[in-house]
Amino acid sequence: MQAINAIEIRNLSKNFGEKQAVVGLNMSVPMGAIYGFIGENGSGKSTTEKMICGLLRPSGGQIKLFGKDYTDADVRAKIGVLIESPGCFPNCTVWENMMLQAANLSVPNAEREVVEALKTVRMEGAASNKYKNCSLGMKQRIGIAMALLGNPNLLVLDEPINGLDADGMRIMREVLTEITKTRACTVLVSSHILGELEKIATHYGIIRGGRMLREMTAAELEADCRTYIALQAKEQQRAKALLSCRYARVEEDEKGYIRVYDAKKPEELVTYLYENGVLISEIKTDKIGLEEYYIDLMNGKEGR
Amino acid sequence: MKTVIDNKTQLSFQSPTFSERLKGMLGVDFYRLFHTPLYYIFLGIAAIIPAMLIAMTGMTGPNGEPSAPLFTNVWQAIAAATPIYGFEGIEKYANMNMVFIFGGIMVSIFIGHDYKSGYVKQLFTTHAKKQDYMISKTISCAFAMACMCGTYLLGAIVAGAITQTDFSVNFGNLVCAIVGKTVMSLGWASLYTFLNIIFRKYFGVSIASSFFFGTGILIIGIGSLVGNTPILNVFLYGASVYACLGSNIVTIVVCMLTSAAWTVIYNVLGTAILYKSDVY
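Keeping their order, the protein sequence lines are chains W and F.
If you count the first sequence from 1, position 33 lands on 290 in our numbering, and the numbers rise without skipping.
If you count the second sequence from 1, position 162 lands on 186 in our numbering, and the numbers rise without skipping.
It is worth saying that the hints were derived from the structure and are not from the lab.
These numbers were taken from a predicted model, which means no experiment stands behind them.
Each residue gets a CB set at the ideal place from its N, CA and C atoms; glycine is no exception.
It is possible that some hints are incorrect.
Said to hold, decoys possible - One side of the interface only, derived from the structure: several residues of chain F facing chain W at Cβ under 7 Å:
| id | residue |
| --- | --- |
| 1 | Gly51 |
| 2 | Ser141 |
| 3 | Phe148 |
| 4 | Asp302 |
| 5 | Tyr304 |
Said to hold, decoys possible - The calculated DSS-like cross-link candidates involving lysine-lysine, where the alpha carbons are at most 25 Å apart (straight line), are:
| id | chain 1 | residue 1 | chain 2 | residue 2 |
| --- | --- | --- | --- | --- |
| 6 | W | Lys325 | F | Lys154 |
| 7 | F | Lys47 | F | Lys154 |
| 8 | W | Lys276 | F | Lys300 |
Claimed, not checked - Derived contacts from chain F toward chain W, CB cut-off under 8 Å, selection only:
| id | residue |
| --- | --- |
| 9 | Gln38 |
| 10 | Glu44 |
| 11 | Met49 |
| 12 | Val52 |
| 13 | Tyr55 |
| 14 | Gly142 |
| 15 | Tyr143 |
| 16 | Gln146 |
| 17 | Thr150 |
| 18 | Lys153 |
| 19 | Ser301 |
Could you put the whole structure together from the sequences, leaning on the hints where they help?
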């Protein structure tokens with residue numbers, strides 16, 4: 258059987274007048290993945306997602322969903338979407354909004370599916386609430402519940418965790434993980450909150466200036482995010498100078514730790530500095546996260 | 025419980041048929057229509073307009089002298105005695121055709137809310153096709169305007185009864201006129217849906233454009249230039265005017281043809297615009 262990706266994008270571009278929002282973008286999202294789509298504001302994330310969803314017309318390139326053209330009605334029936342915020346009617350209840358979307362999708366057994374979707378997002382108790390009275394976190398979860406109607410095989414979520422409190426983010430994380438496990442669903446999710454994304458994503462795509470900067474799996478990111486040794490010394494500047502003479506990559510972070518990326522063991526640093534008369538007050542081994550990796554990549558510091 | 029899919033899993037796709045899609049979309053549009061106060065407000069406005077026009081008939085001047093009556097017969101508030109495409113006074117202009125002006129504003133608000141609430145992005149990201157949207161909006165808004173024609177008629181009758189205005193009329197001609205004008209709702213609804221598709225990003229402009237075209241001012245202008253010619257029946261306003269108190273079965277056929285033709289034209293054009301441009 259031929260391997261196909263849930264999303265396969267080749268040479269995608271989108272121009273708004275003179276402005277190029279997306280330029281020759283390539284992207285592959287394997288089936289079953291939670292694909293973290295990362296990029297700064299205005300990098301082309303939302304534009305790309307809107308093109309995948311059929312809301313914007315590409316200026317060039319090709320989008321294939323499950324091996325078929327993205328405009329194919331059969332394929333579109335299998336997509337659930339939450340772009341920015343859910344398109345709900347504020348004066349209708351959560352239940353009414355869900356049922357209206359179910360009607361739009363011609364969902365058979367609509368009531369059962371709506372109940373199931375609301376349960377999945379932990380919103381079964383809020384069905385009778387008016388949409389306008391729901392909190393931001395609830396609204397985002399309603400949006401995901403709506404996206405789940407019709408049993409989609411692909412969910413496209415644009416910034417679903419923006420503005421959520423810690424508990425809201427935790428619920429959202431659990432929901433997204435559960436969806437991929439129980440609903441045979443691929444998830445494309447963009448977010449600025451990289452710490453949260455890191456906890457759930459299996460694949461990443463980093464976009465900048467409308468171009469895909471890097472695509473990688475979580476395992477590749479793990480390998481790229483190498484460990485480092487962080488230390489604080491009594492004479493910080495002297496310690497840094499000494500370490501810089503011996504190691505290729507030495508940096509001081511915002512918390513005042515000196516980071517040494519290419520040392521093998523903390524002991525060798527302790528010994529080396531002690532022999533040079535510098536006493537260490539604290540030393541630990543740590544690993545850079547997605548956020549730091551992303552910032553480094555944006556700043557052109559690759560290959561840690 | 026389903027298993028997590030991998031990139032070799034065979035997925036089967038099946039989208040709903042056209043009738044299933046349209047049924048679902050119409051269901052949503054009618055549900056919204058019946059659950060929005062806007063619809064009932066406009067039904068009320070449609071009833072009040074003829075009532076006010078007829079009530080003015082019995083008004084007196086500042087010194088108690090009777091004013092010149094606008095209408096001497098209730099049914100003049102429904103349609104003019106003969107089709108007059110140009111402007112020959114308010115009494116020949118102010119009739120059931122005004123429903124299409126207020127109907128246009130209602131349609132603009134109704135469709136504008138689709139964009140304001142983000143409902144369209146929810147809709148167009150699914151299997152929904154652009155022509156489904158055009159058809160569904162046209163049908164639901166045509167229904168709303170047809171209902172407004174109904175309340176307009178009711179308002180005229182009630183006001184006529186209260187003011188004891190003359191009700192004499194050739195009933196057959198009157199029915200043909202009312203049916204003709206009601207049939208025109210479909211064409212007008214398609215025009216307003218089309219205008220709202222063009223100006224979907226500019227809510228105010230879409231309302232203004234609906235009002236502008238709804239007044240029939242373009243056809244009135246042409247009518248003033250070329251005279252009272254039946255050629256103008258090929259336009260929505262022309263056919264609406266043609267449904268006068270002298271109507272017969274031919275009038276209904278003309279209205280049906282004009283309305284249907286423009287519905288097809290505007291639906292095709294609207295669908296093409298939606299396909300060729302960014303939706304949201």
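Evaluation of the provided hints:
For the restraint placing glycine 51 of chain F at the interface with chain W, the shortest Cβ-Cβ distance is roughly 5 Å, inside the 7 Å limit, so the hint holds. The interface hint given for serine 141 of chain F holds, since its Cβ lies 6 Å from the closest Cβ of chain W, which is under the 7 Å cut-off. Interface hint status for phenylalanine 148 of chain F: upheld, as the beta-carbon distance to the closest one in chain W is roughly 6 Å, under 7 Å. Interface restraint check for aspartate 302 of chain F: the shortest CB-CB distance to chain W comes to about 5 Å, inside 7 Å, so the restraint holds.
With its C-beta approaching chain W no nearer than about 4 Å, tyrosine 304 of chain F sits inside the 7 Å limit, and its interface hint holds. Note on lysine 325 of chain W and lysine 154 of chain F: the hinted pairing holds, with a Cα-Cα distance of about 19 Å set against a maximum of 25 Å. At most 25 Å may separate the alpha-carbon atoms for a hinted pair to count; lysine 47 of chain F and lysine 154 of chain F meet this at roughly 15 Å. Taking the CA atoms of lysine 276 of chain W and lysine 300 of chain F, the gap is near 19 Å; set against the 25 Å cutoff, the hint holds.
The criterion of a C-beta within 8 Å of any C-beta in chain W is met by glutamine 38 of chain F, whose closest approach is roughly 7 Å, and the hint holds. Because the smallest distance between the Cβ of glutamate 44 of chain F and any Cβ of chain W comes to about 4 Å, under 8 Å, the interface hint for this residue holds. At its closest, the beta carbon of methionine 49 of chain F sits 6 Å from a beta carbon of chain W; the interface hint therefore holds under the 8 Å criterion. Interface restraint check for valine 52 of chain F: the shortest CB-CB distance to chain W comes to about 5 Å, inside 8 Å, so the restraint holds.
For tyrosine 55 of chain F, the suggested interface contact is upheld, since its CB lies about 6 Å from the closest CB of chain W, less than 8 Å. For glycine 142 of chain F, the interface hint holds, since its Cβ comes within 8 Å of a Cβ in chain W; the closest pair sits about 3 Å apart. Annotation: interface hint on tyrosine 143 of chain F holds; nearest CB of chain W at approximately 4 Å, less than 8 Å. With a cut of 8 Å, the hint placing glutamine 146 of chain F at the interface with chain W holds, because the nearest CB-to-CB distance is about 4 Å.
Among the interface hints, the one on threonine 150 of chain F holds; its C-beta lies about 6 Å from the nearest C-beta in chain W, closer than the 8 Å criterion. At a threshold of 8 Å, the smallest CB-CB gap from lysine 153 of chain F to chain W is about 7 Å, leaving the interface hint in force. Hint status for serine 301 of chain F: holds, given a least beta-carbon distance of 7 Å to chain W, under 8 Å.
Taken one by one, the earlier hints all hold for this structure without exception.
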